[in-house]
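K.L.:
Based on these hints, arrange chain F on the given structure of chain P.
Protein chains: 2
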Amino acid sequence: MTAPLSSLPILRLKPKADAKRIRHGHPWAWGDDLVLDRRARAIPAGALAVLEDAERQPLGLGVATVEGKIGLRLLDRDPAALIDQAWLAARIQAAVDARTKLYDEPYYRLIHAEGDGLPGLIVDRFGDTLVMQPNAIWLEEREAAIVAALRDATGCANLIKNGTSRARLAEGLPEVTEVLLGDAPTAPIQVPMNGAIYMADVMAGQKTGLFFDQRENHAFAARLARGGRVLDVFSHVGGFGLASLAAGAVHALAVDASAPALQLAEAGAEAAGMADRFATRQGDAFATLEALAEEGARFDLVICDPPAFAPAKQALEAGLRAYERIAKLAAPLVTEGGVLMLCSCSHAAELPKFRAACLRGIGRAGREPRLIYTGFAGPDHPQHPALTETGYLKAVAFRLLP
Amino acid sequence: MTAPLSSLPILRLKPKADAKRIRHGHPWAWGDDLVLDRRARAIPAGALAVLEDAERQPLGLGVATVEGKIGLRLLDRDPAALIDQAWLAARIQAAVDARTKLYDEPYYRLIHAEGDGLPGLIVDRFGDTLVMQPNAIWLEEREAAIVAALRDATGCANLIKNGTSRARLAEGLPEVTEVLLGDAPTAPIQVPMNGAIYMADVMAGQKTGLFFDQRENHAFAARLARGGRVLDVFSHVGGFGLASLAAGAVHALAVDASAPALQLAEAGAEAAGMADRFATRQGDAFATLEALAEEGARFDLVICDPPAFAPAKQALEAGLRAYERIAKLAAPLVTEGGVLMLCSCSHAAELPKFRAACLRGIGRAGREPRLIYTGFAGPDHPQHPALTETGYLKAVAFRLLP
Numbered sequence: 012m013t014a015p016l017s018s019l020p021i022l023r024l025k026p027k028a029d030a031k032r033i034r035h036g037h038p039w040a041w042g043d044d045l046v047l048d049r050r051a052r053a054i055p056a057g058a059l060a061v062l063e064d065a066e067r068q069p070l071g072l073g074v075a076t077v078e079g080k081i082g083l084r085l086l087d088r089d090p091a092a093l094i095d096q097a098w099l100a101a102r103i104q105a106a107v108d109a110r111t112k113l114y115d116e117p118y119y120r121l122i123h124a125e126g127d128g129l130p131g132l133i134v135d136r137f138g139d140t141l142v143m144q145p146n147a148i149w150l151e152e153r154e155a156a157i158v159a160a161l162r163d164a165t166g167c168a169n170l171i172k173n174g175t176s177r178a179r180l181a182e183g184l185p186e187v188t189e190v191l192l193g194d195a196p197t198a199p200i201q202v203p204m205n206g207a208i209y210m211a212d213v214m215a216g217q218k219t220g221l222f223f224d225q226r227e228n229h230a231f232a233a234r235l236a237r238g239g240r241v242l243d244v245f246s247h248v249g250g251f252g253l254a255s256l257a258a259g260a261v262h263a264l265a266v267d268a269s270a271p272a273l274q275l276a277e278a279g280a281e282a283a284g285m286a287d288r289f290a291t292r293q294g295d296a297f298a299t300l301e302a303l304a305e306e307g308a309r310f311d312l313v314i315c316d317p318p319a320f321a322p323a324k325q326a327l328e329a330g331l332r333a334y335e336r337i338a339k340l341a342a343p344l345v346t347e348g349g350v351l352m353l354c355s356c357s358h359a360a361e362l363p364k365f366r367a368a369c370l371r372g373i374g375r376a377g378r379e380p381r382l383i384y385t386g387f388a389g390p391d392h393p394q395h396p397a398l399t400e401t402g403y404l405k406a407v408a409f410r411l412l413p
Numbered sequence: 012m013t014a015p016l017s018s019l020p021i022l023r024l025k026p027k028a029d030a031k032r033i034r035h036g037h038p039w040a041w042g043d044d045l046v047l048d049r050r051a052r053a054i055p056a057g058a059l060a061v062l063e064d065a066e067r068q069p070l071g072l073g074v075a076t077v078e079g080k081i082g083l084r085l086l087d088r089d090p091a092a093l094i095d096q097a098w099l100a101a102r103i104q105a106a107v108d109a110r111t112k113l114y115d116e117p118y119y120r121l122i123h124a125e126g127d128g129l130p131g132l133i134v135d136r137f138g139d140t141l142v143m144q145p146n147a148i149w150l151e152e153r154e155a156a157i158v159a160a161l162r163d164a165t166g167c168a169n170l171i172k173n174g175t176s177r178a179r180l181a182e183g184l185p186e187v188t189e190v191l192l193g194d195a196p197t198a199p200i201q202v203p204m205n206g207a208i209y210m211a212d213v214m215a216g217q218k219t220g221l222f223f224d225q226r227e228n229h230a231f232a233a234r235l236a237r238g239g240r241v242l243d244v245f246s247h248v249g250g251f252g253l254a255s256l257a258a259g260a261v262h263a264l265a266v267d268a269s270a271p272a273l274q275l276a277e278a279g280a281e282a283a284g285m286a287d288r289f290a291t292r293q294g295d296a297f298a299t300l301e302a303l304a305e306e307g308a309r310f311d312l313v314i315c316d317p318p319a320f321a322p323a324k325q326a327l328e329a330g331l332r333a334y335e336r337i338a339k340l341a342a343p344l345v346t347e348g349g350v351l352m353l354c355s356c357s358h359a360a361e362l363p364k365f366r367a368a369c370l371r372g373i374g375r376a377g378r379e380p381r382l383i384y385t386g387f388a389g390p391d392h393p394q395h396p397a398l399t400e401t402g403y404l405k406a407v408a409f410r411l412l413p
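So the sequences go chain by chain: P and F.
Numbered per the numbering used here, the first sequence spans residues 12 to 413.
Numbered per the numbering used here, the second sequence spans residues 12 to 413.
Check each hint, because a few of them may be wrong.
For identical chains, the list gives no copy identity; a pair is met inside one copy or between any two copies.
[What the hints assert, rightly or not] Taking lysine to aspartate or glutamate and the DMTMM-like style, the derived pairs with C-alpha atoms no more than 20 Å apart in a straight line are: (1) K31 - E379; (2) K172 - D212; (3) K112 - E347; (4) K324 - D224.
If you're looking for bench data, these hints aren't it; they were derived computationally from the structure.
Okay, chain P solo, but in the shape it has when bound (with noise of 0.2 Å):
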């Protein structure tokens, strides 16, 4: 017994839980698993602790919080990893190799979470600049050796950690924008994705200022967009308008409901040389559609990206209903034989009940569709193959028959 093992508390699972599922991959231990006794209800949330089956074999270690949904969050398979500085660099290294092999240059999701085995962790990459979001406190403990271990990594010179996230709250962690190595930027940073360049307000912007897994969906619908008029609705800063004018898209109008998000497109549009092809329109999604629809106006391909409609299970039937009704108000505005994309960031809502909420918004539209595409986040969003949570977004793209 080495003295790191010794040290730690166990957590053992009750007879009847089911241990195959851990031993077999799944990173977590549910509560409800957990033997409670008092020793146990005396971990607090964010420690280390040893887990252990009912028979008092050792399954692992991780990170405990008793009292939640999650009782346990797997570290390491091995009982007696040290969880130091050279244990967060092996695993930082590894998600720097996987993506420096996926992208040529330096702007990706770095630090996927469970995808990245460093469960509560997100890092985003905007070339020299790293910002962190820790949602854990194990990881808020470590802070300045994962700073380093970033820093190592990547040789990124500034790093912002965004403490804002609805997850770091619920963890009991203060909210805190911080700099944590170099300068905070003074602009906001371009990032070329796609042909395009996109303007990520790291410091102010939503989540990390960027979403980087509609990627793979920016390209394949910037694809379908070359020589034709393009409506981007919930653009955000220019997503999918922005792909499709760099990929020959003769117009692009991005809908959106904040005026500073917008402001971002239109710099993005700017700095590419594409501005004279691009518009906006700031207001609600559905009364825009509604109004576009009144004005006749027509596009070759219409994409809908809309937040969470369906964050939790409670809000999923009335998150389908948002859904179909987008479909049913953007399906008249495709041209014959166009393409109306739809995305969902909904963990709730599985991919089939949501393909199946635009099927009945495009049908109630009196449109006949084809499916051409499914996609998802890009492979700088790896997931863990236990935890069906972390691929919640999905895109689908309908060909919307003459």
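P.N.:
Below, chain F alone, put in the same frame as chain P:
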């Protein structure tokens, strides 16, 4: 009443049949749902008929096969539609328009059966040459009109009829391969795709000599292959391997049971000037995977794209076991941090079941996977939303952790 309408026989749904399903977009009436009186039974297979619900409201016009599991395939929601050369030409033109928006070069699946509103018709385009698979009687009877419409819409000089499919023989149609327009190619056709050159033997090859459906998955795999060593199992004419070399792989080894297919793969590598980085190994895939493991071979990217192990529901369990076994044999050949891509073209193996089989195999090999990609057939294979069967192809890629 126009003459064409009144002259067509009528097929009526039983009162218990779900007419709404068809009214809401499903293009098939089940044979069991049809009233099969003497008159209905007299309708020859492949003949046009009008479909009515139990209240005698017309649902559309279709192709009858009253004794089949599918009793009628709708061609047009308008029961008075005239299925003549103009009707065929409109469907074919819409299919051509959709493809030319997607592809710079004329190599793609041009007509994808129900997905393009033409049940039973498959047409692949190889530049100036079309390869047509007419797999239904109604097509056979309209062959001249279809050939003329294809020629007019594409300008292609050559059209080969490949009448060797199982679907065609199941319809009772004769096995035949013939030249319907222009000349038969005297050599394999060079097909540019993802920067590689593939050799398609449209007169003697499997199906139409080349599988266009994997194009998007080839492209994704190729991105992962840059700078690495690639193993392409069930390679056929070099699909994944040649795309990987074109993207910058250091070396690719193609494995297939078919010596002629591997010869075409070698010719493709030669034509693209990549022969020095390409090798082939003829033999059984399972045995070759075992042999490579014994030799200690390791690859940064391994792709297995087997034939349909679960072509029908009865074969599902055995098929899933075969996928699991492939994954188990392939995983040990992947370097630490490398990628294993597994494909299924089995109708019966839905994505979650196929993915689970792959994960069991990877787990049994002792490797820890992260899902980084899920792909399907490309957009030149449009799917009727009601027919999940047309979504047969799925590809999943896992990064295997260090």
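K.L.:
Decide, hint by hint, whether the structure agrees.
P.N.:
Hints versus structure:
no., hint, verdict
1, K31 - E379, "between (47 Å within a copy, 16 Å between copies)"
2, K172 - D212, "within (13 Å within a copy, 57 Å between copies)"
3, K112 - E347, "between (40 Å within a copy, 14 Å between copies)"
4, K324 - D224, "neither (22 Å within a copy, 35 Å between copies)"
In terms of the numbered hints stated before, the structure departs from hint 4 and from no other.
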